[in-house]
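Asks: Letter by letter, the chains look like this.
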Amino acid sequence: MATLGQYLIVSGLLFTIGFAGVMLRRNIIIIFMSLELMLNAANLSLVAFSRYRVGADGLPNYNAQVFVFFIITVAAAEVALGLAIIVALYRARQTTHVEDISTLRF
Amino acid sequence: MIGAPMLEIAVVALGLLVLLIEAFTERTDKRAVAWIGMSGLAAVLVASFFLAPSPPPTTNGFWSFYTADSLAVFFKRFALVTTILVLIMMIDYAPIVRQTVHGATKQAGLGEFFALPLFTCAGLMWMASATDFVMIFVSLEVVTMSFYALVAFTRRNPVTLEAGVKYLILSALSTGFLVYGITWIFGATGETNLARIGDVLRDGGEQVPALFGMALVLVALGFKIAAVPFQIWVPDVYQGAPTPVTAYLSVGSKAAGFVVLLRVLEPFFVLPQTERLLVWVAALTLIYGNLAALPQTNLKRLLAYSSIAHAGYLLVGVVCLAGPAVGYYFVAYLLMTILSFAVLIVVASQSGDRIEDFNGLSRRSPFLSFAMLVAMGSLAGLPFTAGFLGKFFIFDAAIRQHQTMLLVIGVITVACGFYYYFKVIRAMYWERGSSDSTVPVSALTRYTIVALIAAILMLGVYPQPILNALRPQTAALSATR
Numbered sequence: 001m002a003t004l005g006q007y008l009i010v011s012g013l014l015f016t017i018g019f020a021g022v023m024l025r026r027n028i029i030i031i032f033m034s035l036e037l038m039l040n041a042a043n044l045s046l047v048a049f050s051r052y053r054v055g056a057d058g059l060p061n062y063n064a065q066v067f068v069f070f071i072i073t074v075a076a077a078e079v080a081l082g083l084a085i086i087v088a089l090y091r092a093r094q095t096t097h098v099e100d101i102s103t104l105r106f
Numbered sequence: 001m002i003g004a005p006m007l008e009i010a011v012v013a014l015g016l017l018v019l020l021i022e023a024f025t026e027r028t029d030k031r032a033v034a035w036i037g038m039s040g041l042a043a044v045l046v047a048s049f050f051l052a053p054s055p056p057p058t059t060n061g062f063w064s065f066y067t068a069d070s071l072a073v074f075f076k077r078f079a080l081v082t083t084i085l086v087l088i089m090m091i092d093y094a095p096i097v098r099q100t101v102h103g104a105t106k107q108a109g110l111g112e113f114f115a116l117p118l119f120t121c122a123g124l125m126w127m128a129s130a131t132d133f134v135m136i137f138v139s140l141e142v143v144t145m146s147f148y149a150l151v152a153f154t155r156r157n158p159v160t161l162e163a164g165v166k167y168l169i170l171s172a173l174s175t176g177f178l179v180y181g182i183t184w185i186f187g188a189t190g191e192t193n194l195a196r197i198g199d200v201l202r203d204g205g206e207q208v209p210a211l212f213g214m215a216l217v218l219v220a221l222g223f224k225i226a227a228v229p230f231q232i233w234v235p236d237v238y239q240g241a242p243t244p245v246t247a248y249l250s251v252g253s254k255a256a257g258f259v260v261l262l263r264v265l266e267p268f269f270v271l272p273q274t275e276r277l278l279v280w281v282a283a284l285t286l287i288y289g290n291l292a293a294l295p296q297t298n299l300k301r302l303l304a305y306s307s308i309a310h311a312g313y314l315l316v317g318v319v320c321l322a323g324p325a326v327g328y329y330f331v332a333y334l335l336m337t338i339l340s341f342a343v344l345i346v347v348a349s350q351s352g353d354r355i356e357d358f359n360g361l362s363r364r365s366p367f368l369s370f371a372m373l374v375a376m377g378s379l380a381g382l383p384f385t386a387g388f389l390g391k392f393f394i395f396d397a398a399i400r401q402h403q404t405m406l407l408v409i410g411v412i413t414v415a416c417g418f419y420y421y422f423k424v425i426r427a428m429y430w431e432r433g434s435s436d437s438t439v440p441v442s443a444l445t446r447y448t449i450v451a452l453i454a455a456i457l458m459l460g461v462y463p464q465p466i467l468n469a470l471r472p473q474t475a476a477l478s479a480t481r
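Chains as they are written, first to last, in our numbering: chain B, 1 to 106; chain G, 1 to 481.
Derived from the structure by calculation, the hints contain no laboratory data. In this text, all values refer to a predicted model and were calculated from it rather than measured experimentally. For every residue, glycine included, the Cβ atom is placed at its ideal position computed from N, Cα and C. Mixed in with the good hints there might be a few duds.
Stated by the list, open to error - DEER-style ranges, computed between Cβ atoms:
hint, chain 1, residue 1, chain 2, residue 2, range
1, G, Ser442, B, Val87, 34 to 42 Å
2, G, Asn468, B, Gly5, 50 to 58 Å
3, B, Gly58, G, Ala42, 48 to 56 Å
Assemble the whole structure, with the sequences as input and the hints as a guide.
Replies: And the structure:
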């Protein structure tokens, strides 16, 4: 059976890949996808922590699992709203590349 | 007597009611919707003075993640007042929304524009009461989601849309950091409740993963309060967003961020690393905000940098654990920021939002230029204004806590502030304007501006009312630390 450390390494990798995606990729849709990856990294480690933190009664700590449901709900709402804004941007500019949206400058 | 959670429930119900009214009355003037929202919020504000005392925190159930202590109630009222003032500004801004939203009818989009701040307000009020990371996360997201929609609201304007996308990406990024940080804090302590996290840390729980989680949470909160080095989104988003939304972002969002910061830091001040980190963030924020504001030529962008600078002064108060000083500074900041944005909306609807558009305003509208004079003077910290006493209390706290470095940087950056705020005053009184047409001001805005000027000048010489309102909170803060 996998250990807590292995789960945490995978979730850390997911978070890093997501963060690197946000920083390096130039397409807003891909950036948005990477953001979702970061949230899912948190979900994975929450569930792992919950499973491995067994209380005195032999049950996992369910607080974290409930929190995961909140994160999933919020992420879904964020995607709905975020994609709507990106679609509006595409209609106005015919582009989803970050280099093309730089009217606002210092 | 009313239970504290009823206030948020009332605000959400009001928001839904406003949406329903908006959906079923097609022909009426949509500004009536804003009036309903404002009067509802005013009623909730009155109700907040008749709260039943909150029960002591329990280990599980509702009162373990919700508190109604005086700090929470103070910031609930703060959120309500801010939202009412923002709705007043939105009424003035309505013509611009009409031009820049697609729709079948002439008034398309106006109703939602007036309804969304109500949901933001409910989120801000929840945030003031949250004492559990799950609650903090959900309320923070309620606020952020409604701001996504508000910032990108006038979507025919490409600049606004661009600001909306930037805000979307960077806020979602900070949410990712927040969630991952909470995960690690949970992993280290096995708790999401702030008080119990503090207990575990005091008993010498695993500190390294908890500190790592805390650092990630601080990154996320740094985005919300616009602290350096997480301020990159601020100038672009503030300049591009509809002006009332900019005002709301700079006051409401920042206040909520600071309440959460105060609450989250409480258990972590056990660890000495936290304070050292915050001193550096405060110093950098002060220097960056003030220096970057110097060359600005667009007033909205100038106010964005000034809001970064003010976050620096507030952080100094947080580092010095000066609860009442931070509270007073926030009241002063609310008054002067809303006043400057209110004047900006009126002037910008006629000419534009660059500083040169204010040239010769004293001849075109002595009233508006006097209002701007008071706002800029107070933001810079002239004596006899609320802004002066706000900075005075903060520096006083810094002297008492022997934060000499922060004090020196603070005083130098205040001098910087005089330069860029007085640039606006010089444009209004000494430059010659291109047009001589007077600037029309609606009656509601005129009364609001008069009230704000009076409040700034009154609090500048007689700060007792606010200090008294904050006194029980002082006791609560020092008791918890």
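Asks: Taking the hints in turn, state whether each one holds.
Replies: Structure-based check of each hint:
For Ser442/G and Val87/B, the Cβ-Cβ distance of about 35 Å falls inside the hinted range of 34 to 42 Å, so the restraint holds. In this structure the hint that Asn468/G and Gly5/B lie 50 to 58 Å apart at CB holds, the actual value being about 54 Å. The beta-carbon spacing between Gly58/B and Ala42/G, approximately 53 Å, falls within the hinted interval of 48 to 56 Å.
When the structure is compared with the earlier hints, no violation turns up for any of them.
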